[in-house]
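Trainee: The residues making up each chain are set out below.
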Amino acid sequence: MSARYGMVIDLDRCTGCGACMMACAAENNVPALPKATNRTGLTPMLVRKVSNGRNGVAQREVFIPILCMHCEQHTPCVSVCPQQAVEVDRATGIVMQMPQRCLGCRYCMTACPYHARYFNWWDPAWPAGTEKSLNPGVAVRMRGVVEKCNMCHARLHAAQEKAAAAGKREIDPADYVPACVEACPTGAIRFGNLADPNDPVTQESHSPEAFRFLARLGTEPKVYYKSKEAWVRALAEAASSTEVQHG
Amino acid sequence: MKFTRRDLLAWSAGAAAGLIVTPIPWKLLDDTSIWSQNWPWIPQPPRGPVETKRSFCTLCPKGCALRVRMAAGWPVGISGAPDNPATRGALCPLAYGAHQLNWHPARLKAVRHRGNTSSWFEASTAFAKASTEGPVVIIDGFPGRSTSQLFQDFASKRAAQYRVVLSPEIRSLRAYEAWAGVPATALGYDLENVRTIVSFGARMLDGWGSPGRFSHLWAEQASGKTDPQLRLIQIEPQLSRTASRAWKWISIRPETDSALAAGIARVLLEQRLVRATGPMPRLSLTEASSLTGLGPDAIHDLAQVLVAEKPTLAIADGDNPAVAALNFVLGSIGTPGGIIQTTKSAMPYLPAESNIDAARAVLIDSSVPWDFDVQTEAEVFRFAAWDGGSSKADWLLPAPGFLEELTDIPSAPGSSVQTYSLTAALTRPAFEVHTAAQFLQNVEPQIGKPEEIIHQRCAQIFKARTGSIYAADVAAVSNCSSPQKLEEAMWAGAIWMNEPLYNSRLLRSLREWPTEAGSATPQNSENTWSPGILPPLSSKLYCESNLCESSERRNA
Amino acid sequence: MASLTMTETHVTDSRWIARGVERISLSRFLLCLAPWFVLLVIGVYAAGLCLFYGLNQTNMDNRFAFGLWIFLDLGIIALGAGAFFTGFLVYILKRSELKPILNTAVVVGFICYSGAVSILMIDVGQPLRAWFTFWHPNTHSMLTEVTFCISCYLLVLSLEYIPILLRNRQLRKLPSFLIFEHQLHKLVPVLAAVGTLLSFFHQGSLGGLYGVLRGRPFAFRDGIFIWPSTFFLFILSAIASGPSFLMLVTATVEKVTGKRLVPPDLFRRLGLISGVLLAVYIAAKSIDTLIWMDFTSPAMGFAPWLSYMHKPFGTPILFAEIVLFGLIPAFLLTYRRTAAKRGWLLSAAAMACMGILLNRFVLTVQTLALPTLSFDEFLTYTPSWQEVASFAGVIAYGVIVYSLSYRYLPLFPAQKGDETHVSGR
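Which chain is which? The protein sequence lines are P, L and V, in order.
Just so we're aligned, residue 1 is where the first sequence starts under the working numbering, counting upward by one.
Just so we're aligned, residue 1001 is where the second sequence starts under the working numbering, counting upward by one.
Just so we're aligned, residue 2001 is where the third sequence starts under the working numbering, counting upward by one.
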């Protein structure tokens, strides 16, 4: 049976600590480059701080982890890539980026409404010796290619190998947990198979508090968010949020 | 035959045309795809057998439990250990990049004496000489370890002084010391049973205590709930991360925490909202109101909220006697959900801030936060794995880095129960490093080794037969067959956790509302990180996102 | 051009210049081109920096993944559309009155396309993998279509350029070249037809490039068949501005050389073509904008005014695109009394070209600057000197190639010995 991996991120639980960002970068051998800024850095997982726009004691903040939403339909980045470096893996629903195939034209980055794609503006570099601390399961990307979240595909691969070695067809769900999910100290990020109606994540995604960003674009993103606060849910669509900020 | 220029041109054109039908240009073209993936300057990860080991983080006194993925003998990935009941798999964000710290360019690789490269022999000689000439002060940042015990042994044998740099959590417990007659290191906050927390600037969701402990309680009982089982009220001038996620955020003027605590206590006592009858703060409600910038009604409402769901616990950011007195008024000392005693065997200590003018030499352990500044004329021997810059120490002595030291891990600061765990060194640096304990042993060979003390402590735990050993399974200590078995389990990454000591009596009388301000509270609670540098990957937090806009940490 | 490298004081290249035409002395010619050579060298240096150190030399970033280069690429490709469109008019529609401008159209087109392709080669992160698009093409991608058509069309333009090149006085002396040129010349109508087809598709695909961006509601357009409406708008706007640009280029050359190179009637003819097409384009663009405002954008959850609330991209920019640089030049180009005056005609042509550039700017830059997520900021970006210099280098390259072509090749048929001097010189 093919899976549709997805997430539900409970924004009420997110404290904005950034453990997911660090764990993601370490797991995926994402370099930290001295000259990188918040506009040129590589943050496949990025926690964004969003204010309700009020001042004084009425001010509230929410932290929103933004990653590739793994759009299921009309996947904006897949159709634009001129050389098939991006594809939706039909077996997992994961939007895969193949850095070895990527030309670095960045068309996919302009196509992504979530700004969840990042370009390697520099050669990857670490302080001398740090290469010994890199994750052997993930290849280091080269300069001039686009990268993004692939739901820690190396971990899926390892889980599949483990299942195959044990003579099983299906992986044990406990063996495949992306780094950000594992790292979240409050359990705000939950990961599961949306194709499985019994998966708690699937059930949570149907909750009235669950929503997706820019769902009206019709791309069927597989990363859901959740909040009890109405102003947070109102951030989902562009038009309504301006009402929040101006009203 | 004459070879003309025209012939050459014709030959070249023919060769070029001919080359196209050979595989050469196509093979070269194809190769570009391989070259462009494998440029020699692109770093390659280590290759070798992969295994997962258990360890504990020693970069700050919280000692979080780790699972370390090792490849070819090098740590390549850090994650939390979910089966550890103290940290429950949670880690601070910095821990996830900590395995790259040992390669940090600021790594201290050789002994440095006032800016020049020196040697261990010279450092040792200088320290031995100094210790014969006058009093020596040893400063520890992570009290309760076997190494701390060795420091104390050295101090008693050599008439030296042992001092401790307290974490903000412990500092916030100092006010109770005098009333309870127990050192602050033996006290803890019973967060697990509390219903309402009023935090006076303590960054509860920013790694306070240990990252896993409170964040889990909060996530399960408080997050996003309109009427949570655990109410977190954050009192802070600015909207911090904790304030933004708290049940209520109350903004007051900076440094008026004591006035607000007094105001609340006055309302509680005057309106008989609590059982206690005193002590009555000298500050009137109006005065408290004008100092804090909060209306009398707001203080009144806050007092009502504090007694609505009990037990209620007030937590200060650092040493604040007024907040401690508020806890007394609330009846939250020595009761479940309050301030409780965690151990009966804590050693007395002297805070590092006490006057050390008379010392001939000061030895600072690597567990002391790098930015701890010692004001002294004495010769300073500073152990550190990384040179965070602008150190005033005379000697910089390279200490083991992350996962390079054998040590034991005592309870996390503020923990409500006593815990104990062990970690062996997982890697070894290519250059000579020594711990402060090894260094002192050179001077005073009688002080023993950490392993011996660890061995004794494990034997004591076995003998006391309380608490449980948490590994893959949980086993009561009373079920352990031998101290050896217990120690084996501990070395494999288990944690011993004692039972809570609710029935221990803490002195509960307080005659007068404290007037003196507490000792300085220089840093926020997040600042217990010991090394002078941050993992390079933390630029994700401090430079490559807008998450943390504090500028002082950007120099990662 | 061996004579160019000689160092004697009395260097002359008259052997290479067509018989009977008058050209300034070689030294003066080189002196005039010297600043452009300097600019070209700076541009090549800047491009080299980008290739060697990577695109961190630019000020583009993850949000502004496309920058100045893409905007100007789209701009010059639109302006270079005169090449295919003139070929189409002359060879397919048999409008032989446009023949005098055909060679210039080919050279300008060649410059625009080769310049755009070289900038694109710097703009991609891994130029060595450029051929991947041909090897693993994604047929759904507009960029694949653009890449295929542009590279094929550049080949066509080169083939169209070769006969002009071979008509050089010295090269003609080689019999084989003459035969080759003659044979190639027969092919030119076929090439024009192929070029028209290719251009039609890539101009359209360049518009489709943005029109398909479902994730960018400001750019996204509903489709007609498989193509978004911008596909057709781009074709229309390109063929509307192409003749205007040719007019501007020719007028500039006339001004610089002080010669009347084409019959004055030709300008009016080009203006009329440009003006009528511009009017059609503006009408289509207005309808498209209204459909976008009323249906496309709201359907995606974006109130259309959201796209115009960030300065400097307010509604004035829409007004400028449609009225100031659209309706007004269209009127000036077609109205008999203004079209009869050279000044009005050229100003209107310039405005038409500006309008098309503005359209490309809005589509490339405003699209990326606008927020999509409700908590995105509106971002701006300033190109780095490397970006500006690389592009300036392309312009310098264009000036140099055109100047050389003008000097050594018979670009204008009127010059075969009977050129008319502009009075007063």
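No lab work stands behind these hints, which were simulated from the structure alone.
Since we're looking at a predicted model, the values are computed, not measured.
Among these hints, one or two may not hold up.
[As the list claims (entries may be wrong)] Derived contacts from chain V toward chain L, CB cut-off under 8 Å, selection only: (1) Q2126; (2) L2128; (3) R2129.
We put the beta carbon where it would ideally sit given N, CA and C, even for glycine.
Trainee: With reference to the structure, classify each hint as holding or not holding.
Mentor: Now for the hints, and whether the structure bears them out:
1. A cut of 8 Å between beta carbons decides the hint on Q2126/V: the least distance to chain L is about 5 Å, and the hint holds.
2. This hint holds: L2128/V has a C-beta 4 Å from the nearest C-beta of chain L, less than the 8 Å allowed.
3. Annotation: R2129/V was flagged as interfacial toward chain L, and the flag holds, the nearest CB pair being 6 Å apart, inside 8 Å.
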